[in-house]
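The chain contents come next:
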Amino acid sequence: MDTFRKLSLIGEHEASLWIEDGMTVAIGTPHPMGLIRQIIKRRVKNLTIVDGGICLDLLIAAGCVKRSVTYYGGGGFGIPVLPMFRQAVERGAMTVFECDEGTIMTGLRAAAQSLPFLPWRGGLGTSLPDVNPEFKTFSDPLSGQTLLAVPPIKPDIALLHADAADEFGNVQHIGGAGWLDPAFFRAADRTIVQVERIIPNERIRAEPEATTFARVDAVVRAPYGAHPFFSRGHYVRDEDHIKNYLNASAKAAAGDRAALDRYLDHYCYEPNDLGDYLERVGIKRLISLYEF
Amino acid sequence: MDTSYSPFEIMSVVLARELTNDDTVLVGTAMPMAEAAQRLAGLTHAPNMEIVNSPIRMNVSHLKQFPMPAYFGDRRPMRWAESYWDKGHRFDDVRAWKRYVFFIGGIQVDRFGNTNLIGIGSNYNKLKFRGPGSVGTTTISAHVGRYYIVLNSHNERTFVERCDFISTFGWGEGGADARKCVGLPGGGPKLCVTPLCVMDFDEETKHMRLVSVHPGVTEAEVQAKTSFPVLRKGPVPTTAPPSEEELRVLRTRIDMAGQLRPTA
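In order, the protein sequence lines correspond to chains S and U.
Going by the working numbering, the first sequence opens with residue 1, and the numbers climb by one from there.
Going by the working numbering, the second sequence opens with residue 1001, and the numbers climb by one from there.
If you are wondering where the hints come from, they were derived from the structure by calculation, not from laboratory data.
In this text, a Cβ means the ideal position worked out from N, Cα and C, and glycines have one as well.
Keep in mind that the hints are not guaranteed to be accurate.
[As the list claims (entries may be wrong)] Using 27 angstroms as the maximum straight-line C-alpha spacing, the simulated DSS-like pairs for lysine-lysine come out as follows: (1) Lys1128(U) with Lys66(S); (2) Lys1180(U) with Lys1098(U); (3) Lys1128(U) with Lys251(S); (4) Lys1128(U) with Lys136(S); (5) Lys1126(U) with Lys45(S); (6) Lys1126(U) with Lys136(S); (7) Lys1126(U) with Lys251(S); (8) Lys1180(U) with Lys136(S).
[Said to hold, decoys possible] Every beta carbon over 10 angstroms from chain U, so not counted as near; a handful from chain S, in silico: (9) Thr48; (10) Lys66; (11) Phe168; (12) Asp189; (13) Thr211; (14) Ala214; (15) Asp217; (16) Arg221; (17) Ala252; (18) Ala258; (19) Asp276; (20) Leu286; (21) Ser288.
[Claimed, not checked] Selected chain U positions facing chain S (Cβ under 7 angstroms, derived; list incomplete): (22) Ala1030; (23) Tyr1071; (24) Arg1075; (25) Tyr1124; (26) Pro1132; (27) Ser1134; (28) Gly1172; (29) Val1182.
The shape of chain U in the complex, shown without the other chains (with noise of 0.2 angstroms):
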């Protein structure tokens, strides 16, 4: 088998290694990361694991194959549902979220992990670049007991000093009581994952900093391609590349199209 892999497969396979047994793991619309993550871990080792995309519940242990979804909206999972909830209900049990995982994806994000979906530029009335709005991450990200922040690219744009909106209220100014201090209930984002590493949050300043870098990847280089001071907790590791098993699942039994490997 062919053990090269893209950015994307590499970031899939850190994600589904931080989805455990117990989690339930919602994945909104234009997140391909995240899908497979969430099926690669649901089919491997979280075989408890509840899947739930937008109002599709699930458990997938028992399946031979679960592809990643045709489109947003595909009704064809619903035969593997368990129960199916609109919009209403969905914003009902906000309550139990707090064991919930969920991913979000930014334009911008700044160095406490606030990101923004909703445009680039100084005034909201002229924007430079509109963005695609904010989907259910305002909310979402609120009341979750933790959150991923998955980028598609990693560069000085993305990363930026200061968000020029913000969607998603990650650690604020900073500070591990940030969002105690606004009114929010949930965990927070816990790492951050792009195309080039890993990065966590200070316990402390809630700053970002670097975990791990992909193999082929050094750290010069990713403090190039972002705007703030990238901080280290200690020596930088390079992050498990994905195992022969892991691609082997990802291809054969999730991503059999291909829309992780964009380049092949």
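One chain only, chain S, in its complex shape (with noise of 0.2 angstroms):
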């Protein structure tokens, strides 16, 4: 019998073999990059990808999607839907589970709660339930009302980034856990967050009330691990490094992929590691990414 408590502190090579072709992922917000970076790395296939933005496309790039849940496949303004992503489902060559932030968040809830379905008024009256076959409209057996029936989404694994843990898998978050992050935590079988620093377990107990999530899976140190996206409290997005990938990418959807084949080669295949990463990025970038 072990006389020690579990260490949930890994190496982020270690925590990219947790992720198995054809499983469904979630991608959290901060976007975890060190990690999805070495899922393209190894050459996963055939993953079914819950959110994840903007790196939703970078994955669809190098070959790894087979399906997505998504609500939102834009790049802001200006860039209404990713390049790899409209092309990948114009082709065919992966398919989407169609819903909105609020089936999503019910689907995820029904995983939580180990429910069948949960009942969601939004999509009533759309296309939703004609073109995602899993939703049904039903008639509640209590009012009669017609609902809709979200059903679970169920994430084999989620992927987030945060601000700082100990090593026994304490999350605490700078501005919050945000977005759809503590959702994929109740939602997934298991999960996994980088962060920017390690901190004592002293940390977490002088103030228990600020751990977001108790107890993850496993922990990866992983600092500037959310570049080239941002990390609240830490730095911002890098504007020029992901204006150059989607520059590549809608060059790729329009026939040229060179420009892609050479962001993968240079920021995905041939670092081992973040560290080899965040040298090829440099430093004088990254550190004028503050936030204030």
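Dock the two chains into a complex; use the hints.
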């Protein structure tokens, strides 16, 4: 019998081995890019990606995705639709579990509560139940109202990025555990959280009410690990880097993959680990991304 | 001061004038005109207005400047937040949304204000154009007190006879009880604002109709760029252009980077 409490702290290579072909993987915001790049480097296939923002496009570009659970596949104002996402769907290379924020939230909640469905109202009268046969309208046995039945959305694994954790998997955020992350944590079988810094367990105990996720399955130390995206309390988005990627993605969708393949080689396949990647980005760029 | 203005600036001003002191105004992603409108109203005639930008809730009446967000998910507006709600919490207070005002975009809109962000094509499994997806619009539009359809462009490809897919139910096949019949409690779309004009919905039929055309735009131009018949309540006035004060606040306290003046 172990006489010590189990440690959750593991390395990025070991963590990436948890993601296997065909899994359903939820990607949090801020995006855990260190782990995403390891998935790409290992050429994991046939993933179902839940959310993911712009890194959904990167995973599609690298050939990792067969399906996505998507309420938004755009890149913000000026990028109406992510280029590789658009191309892959239009070509039939991947399928979409069509939903909106309310229905994805409801599906994640159904999974967290081990229910076969939860009712929801948003989506009534729309094409949602037509284009996504997993949604069904039904008559509420109590009131007789017509409602939408939303099936559980159950990730095999949630990959998240946060400010800090101790070596036992107690996670704390700056600026809140936001967006869908709390729902992913509750719905997924297992959760890996990348953190900017590891802090001593005594610090967690000094302020336990600040703990956002207790006892996640694995913690990976990843300073600047959300680059080129933001990490709350640490750095903002690297707009030039993201623009460079999206331009390469748009060119690839128009038929010329050269720039996209160069991007994947330079930033995903060639670096061995996060340290290699950050060296390629460069310290000057990284320290320019301060929040205030 | 240069009092000429861009289509996005007049749209922002039209939307800001719609917002009142008692509104709670919710804006999602990739909607710069709505972002500008809530700021303009909050800094001028609606000091009590609540601003909700995804998870961040704030009142901004005391601010000298309230800049447009640099990107979606930007934490920096948190410095003005009075509360922060993750998505779980946000979708728990649906009952309170009858006080909310919301804005939606679309790649297609029909005469009854149904809109489409899913895609274009007759077969969902073989889309000619894959859209961005519904974001939060499907659920939020179902419940909010009123919402505005805000479109970046006005042409026949956007203003269609029938949406290929409906991601947001406006007034269905028409009629004042259309939403009630489907089971949607919210108040539905109030106006549709485009770079050319402002439209509302007939009280009885809920068919879209012209309210005003922006300066320099003719009714004939609006009809030529709209696939369904454009109805009128009566004579169609010109949209009141942005005042010098509205433009000054917009440019010096909100849109310092010129997001609303893409050609400048």
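Outcome of the hint check:
1. The hinted pair formed by lysine 1128(U) and lysine 66(S) meets the criterion: a straight-line CA distance of about 19 angstroms does not exceed 27 angstroms.
2. Taking the CA atoms of lysine 1180(U) and lysine 1098(U), the gap is about 15 angstroms. The hint holds against a cut of 27 angstroms.
3. For the hint pairing lysine 1128(U) with lysine 251(S), the CA-to-CA distance comes to about 19 angstroms; that is within 27 angstroms, so the pair holds.
4. Restraint check for lysine 1128(U) and lysine 136(S): the C-alpha separation of about 26 angstroms stays at or below 27 angstroms, so the hint holds.
5. Between lysine 1126(U) and lysine 45(S) the alpha-carbon distance is near 23 angstroms, which keeps this suggested pair within the 27 angstroms criterion.
6. Between lysine 1126(U) and lysine 136(S) the CA atoms are separated by roughly 22 angstroms; this keeps the pair inside 27 angstroms, and the hint holds.
7. A hinted pair counts as satisfied when its Cα atoms are at most 27 angstroms apart, and lysine 1126(U) with lysine 251(S) qualifies at roughly 22 angstroms.
8. Note on lysine 1180(U) and lysine 136(S): the hinted pairing holds, with a Cα-Cα distance of about 19 angstroms set against a maximum of 27 angstroms.
9. For threonine 48(S), the shortest C-beta to C-beta distance to chain U comes to about 16 angstroms, beyond the 10 angstroms cut-off, and the non-interface label holds.
10. For lysine 66(S), the shortest C-beta to C-beta distance to chain U comes to about 15 angstroms, beyond the 10 angstroms cut-off, and the non-interface label holds.
11. With a least CB separation of 23 angstroms from chain U, phenylalanine 168(S) remains clear of the 10 angstroms interface cut-off, as annotated.
12. Non-interface status of aspartate 189(S) relative to chain U is upheld: no Cβ of that chain comes within 10 angstroms, the nearest being about 19 angstroms off.
13. Distance check for threonine 211(S) against chain U: the nearest CB is about 15 angstroms away, which clears 10 angstroms, and the non-interface claim stands.
14. At roughly 16 angstroms, the least C-beta separation between alanine 214(S) and chain U is larger than 10 angstroms, which holds for a residue marked as non-interface.
15. The claim that aspartate 217(S) is not at the interface with chain U holds, since no C-beta of that chain comes within 10 angstroms of its own (minimum 20 angstroms).
16. At roughly 21 angstroms from the closest C-beta of chain U, the C-beta of arginine 221(S) stays outside 10 angstroms, upholding its exclusion from the interface.
17. Even its closest Cβ contact with chain U, about 15 angstroms, leaves alanine 252(S) beyond 10 angstroms, as expected for a residue assigned away from the interface.
18. The claim that alanine 258(S) is not at the interface with chain U holds, since no C-beta of that chain comes within 10 angstroms of its own (minimum 24 angstroms).
19. Listed as outside the interface, aspartate 276(S) is consistent with that label: its C-beta sits roughly 26 angstroms from the nearest C-beta of chain U, beyond the 10 angstroms cut-off.
20. No beta-carbon of chain U is positioned within 10 angstroms of the beta-carbon of leucine 286(S); the least distance is around 17 angstroms.
21. For serine 288(S), the condition that its CB be more than 10 angstroms from all CB atoms of chain U holds, with the nearest at approximately 14 angstroms.
22. With 7 angstroms as the threshold, the beta carbon of alanine 1030(U) comes within range of chain S, its nearest partner Cβ sitting at about 4 angstroms, so the hint holds.
23. Taking 7 angstroms as the C-beta contact cut-off toward chain S, the hint placing tyrosine 1071(U) at the interface holds, the least distance being around 5 angstroms.
24. For arginine 1075(U), the suggested interface contact is upheld, since its CB lies about 5 angstroms from the closest CB of chain S, less than 7 angstroms.
25. At about 4 angstroms, the closest approach between the beta carbon of tyrosine 1124(U) and any beta carbon in chain S falls short of 7 angstroms, and the interface hint on this residue holds.
26. Interface restraint check: proline 1132(U) against chain S, minimum CB-CB distance 4 angstroms, threshold 7 angstroms, status holds.
27. Nearest Cβ of chain S to the Cβ of serine 1134(U): about 4 angstroms, under the 7 angstroms cut. The hint holds.
28. Annotation: interface hint on glycine 1172(U) holds; nearest CB of chain S at approximately 6 angstroms, less than 7 angstroms.
29. Interface hint at valine 1182(U): satisfied, since its Cβ lies 4 angstroms from the closest Cβ of chain S, which is below the 7 angstroms cut-off.
Going down the numbered hints, you'll see the structure goes against none, and every one checks out.
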